[in-house]
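Undergrad: Sequence:
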Amino acid sequence: MSQTTVRRLLQRQILPTDRDSDVLALYVDPEEAKLDADKYEVGGNRAAKDLNNAAIRQSTSTGRSLHPDQIESRTAMRIRSGERLSFGSYFNAFPASYWRRWTVVDDVRLEVTLRGAGATLLVYKSMARGHSQRVAAAETTGESAETFTFDLPLKPFIDGGWYWYDVVAGDTDVVVESAQWTAEVPEDRAEHGTVDVAITTMNRPDFCAKLLGQIGETAELRPYLDTVLLMEQGKQKVVESEHFPRAQELLGDTLRVIEQGNLGGSGGYARGQLESVRKGTATYALMMDDDVVCEPEGIIRAVTFGDLAKRPTIVGGHMFNIYSRSRLHSFGEVVQPWTFWWRSPLDTYTDWDLAGRNLRSSRWLHKRIDVDFNGWFMCLIPRVVLEQVGLSLPLFIKWDDSEFGLRAKEAGFPTVTMPGAAVWHVPWTDKNDAVDWQAYLHQRNRFVAALLHSPYPRGGRMIRESRNHQIAHLVSMQYSTVAMRHQALLDVLDGPEHLHRVLPETLTYVNGIRGQYQDAHLESDRDAFPPVRREKPPRKGRDSAEVPGRLSQLVSAGLQPLRQLKTPRTMSREFPEAEVRAMDAKWYRLASYDSAIVSMNDGTSAAFYQRDPQTFRDLLSQTLRLHERLKAEWPRLAQEYREKLGEVTSPEAWEQTFEPWTKAPSETSEASEVVDG
43 MSQTTVRRLL QRQILPTDRD SDVLALYVDP EEAKLDADKY EVGGNRAAKD LNNAAIRQST
103 STGRSLHPDQ IESRTAMRIR SGERLSFGSY FNAFPASYWR RWTVVDDVRL EVTLRGAGAT
163 LLVYKSMARG HSQRVAAAET TGESAETFTF DLPLKPFIDG GWYWYDVVAG DTDVVVESAQ
223 WTAEVPEDRA EHGTVDVAIT TMNRPDFCAK LLGQIGETAE LRPYLDTVLL MEQGKQKVVE
283 SEHFPRAQEL LGDTLRVIEQ GNLGGSGGYA RGQLESVRKG TATYALMMDD DVVCEPEGII
343 RAVTFGDLAK RPTIVGGHMF NIYSRSRLHS FGEVVQPWTF WWRSPLDTYT DWDLAGRNLR
403 SSRWLHKRID VDFNGWFMCL IPRVVLEQVG LSLPLFIKWD DSEFGLRAKE AGFPTVTMPG
463 AAVWHVPWTD KNDAVDWQAY LHQRNRFVAA LLHSPYPRGG RMIRESRNHQ IAHLVSMQYS
523 TVAMRHQALL DVLDGPEHLH RVLPETLTYV NGIRGQYQDA HLESDRDAFP PVRREKPPRK
583 GRDSAEVPGR LSQLVSAGLQ PLRQLKTPRT MSREFPEAEV RAMDAKWYRL ASYDSAIVSM
643 NDGTSAAFYQ RDPQTFRDLL SQTLRLHERL KAEWPRLAQE YREKLGEVTS PEAWEQTFEP
703 WTKAPSETSE ASEVVDG
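Start counting the sequence shown at 43; every next residue gets the next number (the working numbering).
It should be emphasised that the hints constitute simulated quantities derived from the structure, not laboratory data.
Some hints here could point you the wrong way.
Stated by the list, open to error - With a straight-line cut-off of 25 angstroms between C-alpha atoms, the simulated DMTMM-like cross-links for lysine to aspartate or glutamate are:
(1) Lys352 <-> Asp230
(2) Lys81 <-> Asp395
(3) Lys279 <-> Asp64
(4) Lys409 <-> Asp393
(5) Lys252 <-> Asp64
(6) Lys673 <-> Asp533
(7) Lys628 <-> Asp660
(8) Lys321 <-> Glu233
(9) Lys352 <-> Asp201
(10) Lys321 <-> Glu697
(11) Lys91 <-> Glu547
(12) Lys409 <-> Glu83
(13) Lys321 <-> Glu429
Said to hold, decoys possible - Simulated restraints on C-beta separations:
(14) Glu181 <-> Tyr498: 57 to 63 angstroms
(15) Thr236 <-> Ala89: 52 to 58 angstroms
(16) Val281 <-> Thr47: 32 to 38 angstroms
(17) Glu114 <-> Gly160: 55 to 61 angstroms
(18) Thr550 <-> Arg49: 52 to 58 angstroms
(19) Arg122 <-> Arg264: 42 to 48 angstroms
(20) Ala476 <-> Arg288: 49 to 55 angstroms
(21) Arg288 <-> Gln698: 32 to 38 angstroms
(22) Gly86 <-> Arg176: 31 to 37 angstroms
(23) Gly537 <-> Glu697: 45 to 51 angstroms
(24) Pro287 <-> Arg49: 17 to 23 angstroms
(25) Arg264 <-> Thr47: 42 to 48 angstroms
(26) Arg106 <-> Glu181: 22 to 28 angstroms
(27) Met625 <-> Asp333: 20 to 26 angstroms
Glycine is no exception: its CB is placed at the ideal position from the N, C-alpha and C atoms.
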């Protein structure tokens, strides 16, 4: 007896809500496709590979543009007479290989409605190697709207590939009024799930209020929303923003604002996860940052994909650069097991500009990319996954999302980073978190995650790499960074119990360590520092701005620790020897100075670095001892962290941490839960 099925919408054609020309390339592509070379044709020659990688990055754009007035509605696009437009783009191509691999869908139906005589509709598919094939075509016969239907199998997409369509206008303009991809699905999957959107915010009231308004004003999204949970952890309240009343009006009883202390992103998201699990009315909890611009259709697509997944699946979105809105940060994230560091898969490219080289011209984008986790800037988690594997680790920030993805994967719940679901976010490259107070959290949380999930004895290369990084920071005069990273490892050695205990005081705790060192004292005004002066000019007028070769770096790495023991030049105690821009603040450059003014990556401030031989000796000695201790105790620590993981991430443990902010108003007036609606 065959199973009863119903037809369900998977994806529809969309266009920018605000007709923003900066993002139009993510929705439509007016350029001709110019596919780059196959890496197997290039071969293994190093020079050939370098040339090919450079060519892949070259723009194929001819500058052909579309006028914003061609966008007639959220779903309709006008194509001028004689012109051709492809919908083989990030938001409008259909990611067939992802649906084929992870869902119960076997075939899809494409329905396109055109209005205008003499127009041609062409349907294409691509394979994992990027080659496109025309699979169907149709023409309009009159001026009135006509709908064309194509039934398309997913079977050929095991390794990768997309479906899309192009439209060519005839002697008159043609309007692509709508397009949708549907599928026959089991009757018990006919209804869509609902989602609790969990947003953690701190001191970004206007940005966050605008995001709430964006979610609330999208009529198509409203049926999918169960609750919008806003975890307010700052002093500048979202409810005080001039944009909040509109958001509140749009969302009504769906919006719930919860105030608590600053527990970082993990504490905020864990609160949203806890509320979602305890409430038990939504199918999913969606983690979303407060400083993003959202494509609301992406939330609908993520829910739809989750509904039709073969097993409970975490569905993440991509991140585009909010300042350069056609640039894709990464097409997926994995944790490299030997180094235990997050990265994009080796056969992908980061910071990819889709306005310069769009989907049809980028061979690598046609492979299906499988991931270990998705960042919580946008990540849909089924409630059943939270119930079975626990909530976020109490890590404040950093590694909470990646650790959760690894934990879920080990429990049999995959993560899929879904093309066509995305937000625009401040890029990581504009931040300075490798040397500021966040260095403590990078170090501690990475080691905690590795103790829980590394498949290698003693974490693979982690301990050796950590020691080398400490020495690099030392020769760079970044003593505060070294001290914070030391304390991070001491806290790791203290066991998992410290994670909940220190969470509410994390910022105060870390800044207390950092503030003891001069390199952590930042000034926004350059005149707050002395002018640059040197006892002697650089030898033969050498400019250290050039990037040294590999051999030169290895020699420098061996000699620089010895140089650090020498007495600094006298004048460097009062005057900086150079000004170093953040982009040039590499260890091999900073190591050659006895003092320097070094700017921060965000461009807002700078610090006065000074070499101190005694501090160098003390911190180097601690570095060597501490890493040997960590190496010796790794097996015991790994067992302890893994045994306590369920307890540390349990709703009960988190409820105790949240207790100061969940008491009745009569017990505390400042730490109460506020419900708006």
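Undergrad: Which of the numbered hints above does this structure break?
TA: Failing hints, ascending: 3, 11, 16, 17, 19, 20, 23, 24, 25.
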